Amino acid sequence: MAIAGNYQRRRLPQQAGFSLIEVLLVLALIAGIGALIATNIFGQNEKAKVSQAKIQVKKIAMAVDTYYIDTGNLPSKLDELLSGSNGTNGWDGPYIKDSELKDPWDQPFQFKSPGEHGPYDIMSYGADRKSGGDGRDADIGNWMS
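Per the working numbering, the sequence shown starts with residue 1, numbered consecutively.
Since the hints were derived computationally from the structure, they do not count as laboratory data. Treat the numbers as computed from the prediction; the structure is a model and nothing was measured. Hints are not guaranteed to be accurate.
What follows is a set of in silico ranges between Cβ atoms, one per label pair, in the way DEER data are often shown [unchecked claim]:
{"id": "1", "residue 1": "19", "residue 2": "139", "range": "27 to 33 Å"}
{"id": "2", "residue 1": "52", "residue 2": "77", "range": "19 to 25 Å"}
{"id": "3", "residue 1": "69", "residue 2": "132", "range": "30 to 36 Å"}
{"id": "4", "residue 1": "47", "residue 2": "16", "range": "46 to 52 Å"}
{"id": "5", "residue 1": "138", "residue 2": "36", "range": "24 to 30 Å"}
{"id": "6", "residue 1": "25", "residue 2": "58", "range": "49 to 55 Å"}
{"id": "7", "residue 1": "119", "residue 2": "38", "range": "40 to 46 Å"}
{"id": "8", "residue 1": "105", "residue 2": "27", "range": "21 to 27 Å"}
{"id": "9", "residue 1": "112", "residue 2": "51", "range": "22 to 28 Å"}
{"id": "10", "residue 1": "35", "residue 2": "94", "range": "41 to 47 Å"}
{"id": "11", "residue 1": "37", "residue 2": "66", "range": "30 to 36 Å"}
Below, a list of computed lysine to any residue pairs in the SDA-like style, where the Cα atoms sit at most 20 Å apart [unchecked claim]:
{"id": "12", "residue 1": "97", "residue 2": "30"}
{"id": "13", "residue 1": "54", "residue 2": "129"}
{"id": "14", "residue 1": "58", "residue 2": "98"}
{"id": "15", "residue 1": "54", "residue 2": "70"}
{"id": "16", "residue 1": "97", "residue 2": "108"}
{"id": "17", "residue 1": "130", "residue 2": "105"}
{"id": "18", "residue 1": "49", "residue 2": "143"}
{"id": "19", "residue 1": "130", "residue 2": "143"}
{"id": "20", "residue 1": "49", "residue 2": "119"}
{"id": "21", "residue 1": "77", "residue 2": "136"}
{"id": "22", "residue 1": "49", "residue 2": "116"}
{"id": "23", "residue 1": "54", "residue 2": "101"}
From the three backbone atoms N, C-alpha and C, an ideal C-beta is built for every residue, glycine too.
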C-alpha cells in the first residue's frame, strides 16, 4: 500500500560560521603580514638612527670648530663645549646642548684630540656599540663622507 500525501523530509538546520581550519588560516595570514610590517618598520627605524647620528656628528664638529675659533684651542673633551674649562679665554658657549652629546643609541659620542683622521675625531660606534661593523653596526665618524 502506498502512502500518498505531502511528505517532506526534515532538514537539519545548517550551522553558520567558520571551521577551525579557516580561523587558523586567517590567523596565520594576519601573523605573517604583521611580521613583514614589523620587520620593515624596524629596518626603517635603524636607517633613521644612522642618518640622525651622521647629522649629530656634523653638528658636534661645527660646535668644536666654533669653540676653536673662539678660544684658539681644541677642547680636550666634549663636555668643554657645555661649560668650558677653568680659565679658557674667549669661551663663549655653551656651543651645544648636553642631550646632543649622546648618539641615537643613547651612548656618548667618542672624541679624540688630536685625532687619527684629522685635528680631532668624533665618533659613534653605531647600533652594536662596538668598534667596527657593517650596515647599522658601522662606526660613524666626522672624517667619513
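Evaluated hints:
1. 19 / 139: 27 to 33 Å: Violated, since residue 19 and residue 139 (Cβ atoms, about 55 Å apart) do not stay within the stated range.
2. 52 / 77: 19 to 25 Å: Holds, since residue 52 and residue 77 (Cβ atoms, about 22 Å apart) stay within the stated range.
3. 69 / 132: 30 to 36 Å: Check passed, 33 Å falls within 30 to 36 Å.
4. 47 / 16: 46 to 52 Å: holds, 48 Å
5. 138 / 36: 24 to 30 Å: holds, 25 Å
6. 25 / 58: 49 to 55 Å: Given about 51 Å between the Cβ atoms, the range holds.
7. 119 / 38: 40 to 46 Å: holds, 43 Å
8. 105 / 27: 21 to 27 Å: Once the Cβ atoms are compared, 35 Å apart, the range 21 to 27 Å for residue 27 and residue 105 is violated.
9. 112 / 51: 22 to 28 Å: holds, 23 Å
10. 35 / 94: 41 to 47 Å: holds, 45 Å
11. 37 / 66: 30 to 36 Å: violated, 43 Å
12. 97 / 30: violated, 44 Å
13. 54 / 129: holds, 15 Å
14. 58 / 98: The hint holds at about 15 Å.
15. 54 / 70: Judged against 20 Å, a Cα distance of about 25 Å means the pair is violated.
16. 97 / 108: Holds. Residue 97 to residue 108 sits at ~13 Å (cutoff 20 Å).
17. 130 / 105: Measuring from Cα to Cα gives roughly 12 Å; hence the hint holds.
18. 49 / 143: Holds, because 19 Å separates the two Cα atoms, which is no more than 20 Å.
19. 130 / 143: holds, 18 Å
20. 49 / 119: violated, 26 Å
21. 77 / 136: violated, 26 Å
22. 49 / 116: violated, 25 Å
23. 54 / 101: holds, 12 Å
This entry does not satisfy hints 1, 8, 11, 12, 15, 20, 21 and 22, going by the numbered hints stated previously.
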